[in-house]
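K.L.:
Chain residues, written in single-letter form:
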Amino acid sequence: MRMVVELTNRCNLSCGHCFEERHADTGNLPAGIFEKVLHEAHSCNIDHFSFTGGEPTLHPRFPEIVCQLSDAGYTFSMVSNGSTFGHIYPLLAEHRARFSGVTFSLDGAREEVHDRLRGRGSYRQVMRAISICVVRNLPFTLNMVITSQNRSQVKEMTELATRLGSGGVRFGHLMPNPETELRCLTLSPEQRRETEREIWRLQRTASVPVGMAPGYYSSSPFFPCGPLELQEVNLDYRGNLTLCCQLSGYGNEAPPTDVIGNLGQMTLKEARLEFEAKGQTYLREKRSRVDRGDLGELDSFPCLYCVQYLDKVSHVKLRQQYACTIP
Amino acid sequence: MIPLQVCPHPDVVDTELDGQETVLLHLETKLYFSLNATGTCIWLGIKQGLCLDEISRNLQQEFDVDEEHADQAVRALVAELLKQQLVEPRG
Chain A
0 MRMVVELTNR CNLSCGHCFE ERHADTGNLP AGIFEKVLHE AHSCNIDHFS
50 FTGGEPTLHP RFPEIVCQLS DAGYTFSMVS NGSTFGHIYP LLAEHRARFS
100 GVTFSLDGAR EEVHDRLRGR GSYRQVMRAI SICVVRNLPF TLNMVITSQN
150 RSQVKEMTEL ATRLGSGGVR FGHLMPNPET ELRCLTLSPE QRRETEREIW
200 RLQRTASVPV GMAPGYYSSS PFFPCGPLEL QEVNLDYRGN LTLCCQLSGY
250 GNEAPPTDVI GNLGQMTLKE ARLEFEAKGQ TYLREKRSRV DRGDLGELDS
300 FPCLYCVQYL DKVSHVKLRQ QYACTIP
Chain B
0 MIPLQVCPHP DVVDTELDGQ ETVLLHLETK LYFSLNATGT CIWLGIKQGL
50 CLDEISRNLQ QEFDVDEEHA DQAVRALVAE LLKQQLVEPR G
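Going down the list, the sequences are from chains A and B.
By numbering that gives the first Met the number 0, the letter at position 259 of the first sequence is numbered 258, and the numbering carries on one by one without gaps.
By numbering that gives the first Met the number 0, the letter at position 87 of the second sequence is numbered 86, and the numbering carries on one by one without gaps.
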């Protein structure tokens, strides 16, 4: 089992598709909570940590966290925008035996597309980081959030991943929010499916692994989902164990409906038991809805089902966001 | 004929590592090119807009090498960088 850890919600970029909480710069995961997690994780069958954020490397104690984790016998990976890689790669090389790889966020196969979403110069920052990985033999993959601006580049992105020596490329749907609505970045359900079909085709033919993050269309209401299958848990920067990394910080409900509990007040084992119980409730309630025939079009996209189930964004607002036409 | 001055190709991303090594990535060809310490010194001179003779003099000072060998090293590397389209004539 792995734990996704949102080390911080600080970020040095302000990407067009990212929701506010992910770069609000309001906090870092307290060191005490992480140390507690390291101490308890083995007994909860957690053996791998995956760092996210914000930009996880901006946590002020990032080097210390890596050392502690490595000393405790865990493996780790991370997602990054690549901007700090020139400074941190020696740390990763030092812990190479425990480091399984970095996933760089690249939202366009071409510089102008990526930079339009993530800021001028950010494409070259990723390329610099990738260069370091190649010469220092650090494994890396690419991740692209699919928007209206880059969905035509799925094939080109796969070719780019191959030519750069990436260990693979993963595509993920964006979570609609006011910013994506304003910029008409969100795809319609049909556009999502069309893009997914191309990705599945590439998965069969590409010479690098091609995949999709959870949230793709599923004809079965009981879709593959790491958290629901108890393969993954998420820890946010406040120390909350939450249902999943995709929904962490998403929406504006208060209190957050996806929080299981804070590890400052409960043990990881207690939180995990609570997590399992909530997962069972979720599945039971979903079965009931399936039996009643009470699922709509957007419910076939798992993360959107959960957004509505957890009441993170109103059903009406979600439908309005998907009604945005793409020029 | 090698031009007297060259500059980095605009499609090249350069990354220095540990002060002793530089890796170049051409964004169009997707080729990586690794420079050792000598190559890094030459590349820095190119970025600074120095002519080949000035770069050679820097090399002689940095690595305690004679003029003939420094000139050869600079010209050989620049020729290869031109061939790989990692640099282009300046001006």
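One or more of the hints may lead you astray.
Stated by the list, open to error - Listed below are the simulated EDC-like cross-link pairs for lysine to aspartate or glutamate, each with C-alpha atoms no more than 20 Å apart in a straight line:
#1 K154(A) / E79(B)
#2 K29(B) / E79(B)
#3 K29(B) / E158(A)
#4 K29(B) / E110(A)
As the list claims (entries may be wrong) - Far from chain A, by Cβ distances over 10 Å, these chain B residues were calculated:
#5 Q4
#6 P7
#7 T37
#8 Q47
#9 A78
Just so you know, these hints were derived from the structure itself, not from any lab.
Yeah, the Cβ is synthetic: ideal placement off N, Cα and C, and Gly gets one too.
K.L.:
Quick one: which hint numbers does this structure break? Sort them smallest to largest.
P.N.:
1
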